[in-house]
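Novice: The residues making up each chain are set out below.
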Amino acid sequence: MKLSKIASILECEFSGDDIDIEGMNALKDATSSELSFVANAKYVKDIQDTKAAGVIVPESLVEYVPSGCVALVVENSYWSMAVLSKYFAPAIEDNTLPHAKIGEGSSVSDKAEIANGAVIGKNCTILAHVYIGANAVVGDNTILYPSVTVYRDCKIGADCIIHANTVIGADGFGFATNNLGEHKKIYQNGNVVIEDDVEIGSNVSVDRAVFGSTILKKGVRIDNLVQIAHNCEIGEYSVFVAQSGSAGSTKLGRNVVVGGQAAFAGHLEIAPFSNFAARSGITHNIKESGKTYGGFPLMEQRTWLKLQAKIARLLKK
Amino acid sequence: MKLSKIASILECEFSGDDIDIEGMNALKDATSSELSFVANAKYVKDIQDTKAAGVIVPESLVEYVPSGCVALVVENSYWSMAVLSKYFAPAIEDNTLPHAKIGEGSSVSDKAEIANGAVIGKNCTILAHVYIGANAVVGDNTILYPSVTVYRDCKIGADCIIHANTVIGADGFGFATNNLGEHKKIYQNGNVVIEDDVEIGSNVSVDRAVFGSTILKKGVRIDNLVQIAHNCEIGEYSVFVAQSGSAGSTKLGRNVVVGGQAAFAGHLEIAPFSNFAARSGITHNIKESGKTYGGFPLMEQRTWLKLQAKIARLLKK
Amino acid sequence: MKLSKIASILECEFSGDDIDIEGMNALKDATSSELSFVANAKYVKDIQDTKAAGVIVPESLVEYVPSGCVALVVENSYWSMAVLSKYFAPAIEDNTLPHAKIGEGSSVSDKAEIANGAVIGKNCTILAHVYIGANAVVGDNTILYPSVTVYRDCKIGADCIIHANTVIGADGFGFATNNLGEHKKIYQNGNVVIEDDVEIGSNVSVDRAVFGSTILKKGVRIDNLVQIAHNCEIGEYSVFVAQSGSAGSTKLGRNVVVGGQAAFAGHLEIAPFSNFAARSGITHNIKESGKTYGGFPLMEQRTWLKLQAKIARLLKK
Chain A
1 MKLSKIASIL ECEFSGDDID IEGMNALKDA TSSELSFVAN AKYVKDIQDT
51 KAAGVIVPES LVEYVPSGCV ALVVENSYWS MAVLSKYFAP AIEDNTLPHA
101 KIGEGSSVSD KAEIANGAVI GKNCTILAHV YIGANAVVGD NTILYPSVTV
151 YRDCKIGADC IIHANTVIGA DGFGFATNNL GEHKKIYQNG NVVIEDDVEI
201 GSNVSVDRAV FGSTILKKGV RIDNLVQIAH NCEIGEYSVF VAQSGSAGST
251 KLGRNVVVGG QAAFAGHLEI APFSNFAARS GITHNIKESG KTYGGFPLME
301 QRTWLKLQAK IARLLKK
Chain B
1 MKLSKIASIL ECEFSGDDID IEGMNALKDA TSSELSFVAN AKYVKDIQDT
51 KAAGVIVPES LVEYVPSGCV ALVVENSYWS MAVLSKYFAP AIEDNTLPHA
101 KIGEGSSVSD KAEIANGAVI GKNCTILAHV YIGANAVVGD NTILYPSVTV
151 YRDCKIGADC IIHANTVIGA DGFGFATNNL GEHKKIYQNG NVVIEDDVEI
201 GSNVSVDRAV FGSTILKKGV RIDNLVQIAH NCEIGEYSVF VAQSGSAGST
251 KLGRNVVVGG QAAFAGHLEI APFSNFAARS GITHNIKESG KTYGGFPLME
301 QRTWLKLQAK IARLLKK
Chain C
1 MKLSKIASIL ECEFSGDDID IEGMNALKDA TSSELSFVAN AKYVKDIQDT
51 KAAGVIVPES LVEYVPSGCV ALVVENSYWS MAVLSKYFAP AIEDNTLPHA
101 KIGEGSSVSD KAEIANGAVI GKNCTILAHV YIGANAVVGD NTILYPSVTV
151 YRDCKIGADC IIHANTVIGA DGFGFATNNL GEHKKIYQNG NVVIEDDVEI
201 GSNVSVDRAV FGSTILKKGV RIDNLVQIAH NCEIGEYSVF VAQSGSAGST
251 KLGRNVVVGG QAAFAGHLEI APFSNFAARS GITHNIKESG KTYGGFPLME
301 QRTWLKLQAK IARLLKK
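Quick mapping for you: the protein sequence lines, in order, are chains A, B and C. My numbering numbers the first residue of the first sequence as 1 and each following residue consecutively. My numbering numbers the first residue of the second sequence as 1 and each following residue consecutively. My numbering numbers the first residue of the third sequence as 1 and each following residue consecutively.
One should not assume that every hint holds.
Below, computed lysine-lysine pairings styled on DSS-like, alpha-carbon distance capped at 30 Å [as the list claims (entries may be wrong)]:
1) C:Lys310 to B:Lys316
2) B:Lys184 to B:Lys218
3) C:Lys185 to A:Lys122
4) B:Lys306 to B:Lys316
5) B:Lys184 to C:Lys122
6) A:Lys42 to A:Lys122
7) B:Lys316 to A:Lys291
8) A:Lys155 to C:Lys86
Worth flagging that the hints you see were computed from the coordinates, not collected in a lab.
Could you put the whole structure together from the sequences, leaning on the hints where they help?
Specialist: Set out below in structure tokens:
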């Protein structure tokens, strides 16, 4: 989409070449054909370093936009980004794409729906009522149980098992809110990438990224009714027990174990081999590997146990 | 159904005209062609004021039934109401209803099931494995992702997005229990009403009302794996983050924000613009607007933070 | 499978007759044609008493294997059990089984998938997008709402109602982990047995047993988004409120009431008529009937209330 058209949609001006914008991305990841945005002064450093062709920016931050990067100055940059995101959202289905490719030896139920553009590997088992969206990819030997839904553009590796009624790649929970309290959807134009040898239980939600990918690395194990929000990255062989979850953009190292009903806040970094007891509430980064935590607020699990004993003594006072 | 037939089902007597009863409803909402019930002395005021044609009532409360309202006196009125509710439950599907109407420009997958009596607006996208029940209504431009289930009689507004495997209008969790500990289902003969511009994530459960409607007002945003129980009313632009929920009959004002894994007890009233931190447990009404709460038991979030610091000091004692 | 083949798969030796092994089972339940395993010295007693034909065992525990029971000595017996479990897993679907039997008066949507070998009783209602697996059994008058998935070999009783998008019999969450942190799936070759008059809400996950059965007894009531892990046994008329759950192998007596978001650890025994407040965290056995608990750590609910009052006083210090 031409910059001039974008400026017209956002009702703002711009100066510079009327170049073609291929998509939107985060400040850090945007390429010279992508547009980015900034809504918060704490990202000043990222503005200065961005490679983006242009950036949607409030008046107060325009001075940090590097030369060569077009500034689209708007009142509410987060809202404007939401408005624009819709224009970069691909169609849900696209019948101009080629028919789905099904690998040799794969069994696909005639009650499954495989959208045009999808590619399914060899020796897969795709059961009834599965939906695989446009351009989605499923690796060899993977089993999708009934009513699994894989949204468009998502990639599932080889030797995976996904249990019934799990949803891969629904939209992340993103919207801007104006000062009337109204919400504007931020279209989630990224995807989900699941590597090889991953098993996911039933009724799980793994959301697609707003930009880029939500990633489940090799060997991850996810139990039932788990929430993985947009842009999370789950390290190799990490384990989520039932009804646990993570808010957006949190990154786990390998072999992290997350107990039942435990949950991570967003935008955290968690060291490998960390263990979290059931119902832990994790709201800060974990830098040291190999420890076991519990409680909410979070503390080392042995401290939590000690603290509970101290608390119980209050009854005697 | 004639009162005489109802009396016969409930094995009780009645005096007065053998009028025709069209349905059951709460004491406050019942009309002169509906039957109601009372199981608890705390609703004495509601009995006295009811407009119901008749009321199922234990011997101990019969004196409060107003003249002109028929008293059906039974031993266990809650159980009797459950017994009777089945007789007012409509068939799950009804092939005598007219074929579903699909609005102009709508795309409906041939692997979706649209029951007779359903009405779908213009420019909707109904993907594979969606189920839309009898007499359900879907507004213009609404998108239902794969395996969304909409039970009969539910209404979804215009410009809504409902993500995969979400269930709208399953039965609320209602049953009577006798003194042997056995349960009797209370048929949930109400519906769900979702207004315009609502987005709901994947694997969400919004239950139908026992009587009347469970309501999600305009602009509501619901993340994945959320529970909305029967007869809740969720105010405009309110937000539920993943794995949160509400028990039955709780009413939220507009722009309430509910953090991840937070939950409301039933029968509460929550002031508009209230915020609840992740994992809040809300068990009482919130009367003042615009405050932020956390913890379980609930307190203001800043108090909760202060309290956690105090609790941590116990370790040093 | 011949013992010699098993020894070859596990790369170990064996002495004794090359008998035919029909399956795997727990030490306590294995018959003389089944193989078992032991990974932990705390099960020494169970090894000595086992009726199993053979047992996979580490060197350190071989001395406890009774005479007449073949010892298959391996380095990591839990991992070896996982490796072997795959060989005893039945095919997901089996077209050599006879066509499904549908009882008189049952209505089965032509958009449902009923696998070969399934048996459906009389007067059932099976809605669109339901999946019923090989050899699964559904009793008379049972209603399965859209997109319910019943995995192979599971049994559902008469007069049951299962709401949309619920999954019965997906694999329990079982895997062995080696010292590189890699996981090996333990195939879950048991099933789920649901007795008569059970109602289950939407988006519920009831996992199949690793060996034997996960059991929901007569009259159980389960709300939405609940997790029942492998090998649980839920007593008659017990109630799980929304978003609650139980880890594996926990056994509840009759009429236990589990509040919203409450959860049980695994391998517990819970006395009948126990009540658990919302968000209880139950990590130990409950031996005395009829009490009410709350909190995490768990305590009697009245104690929890008293304790919260004491904790609140810390704010004044």
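Novice: Now look at each hint and say whether the structure bears it out.
Specialist: Now the hints, each set against the structure:
Of the supplied pair hints, the one linking C:Lys310 and B:Lys316 holds, its CA atoms being roughly 18 Å apart against a limit of 30 Å. Taken as a hint, the B:Lys184 and B:Lys218 pair is broken in the structure, with Cα atoms around 35 Å apart against an allowance of 30 Å. Annotation: proposed proximity of C:Lys185 to A:Lys122 holds, straight-line Cα distance about 21 Å (limit 30 Å). With a C-alpha separation of about 17 Å, the suggested pair B:Lys306 and B:Lys316 falls inside the 30 Å cut-off, and the hint holds.
A distance of roughly 22 Å separates the Cα atoms of B:Lys184 and C:Lys122; the hinted pair therefore holds under the 30 Å criterion. Of the supplied pair hints, the one linking A:Lys42 and A:Lys122 is violated, its CA atoms being roughly 48 Å apart against a limit of 30 Å. This hinted pair checks out: B:Lys316 and A:Lys291 have alpha carbons roughly 22 Å apart, not beyond 30 Å. With a CA separation close to 26 Å, the supplied pair A:Lys155 and C:Lys86 stays within the 30 Å bound.
Checked against the numbered hints given earlier, the structure breaks hints 2, 6 and satisfies all the rest.
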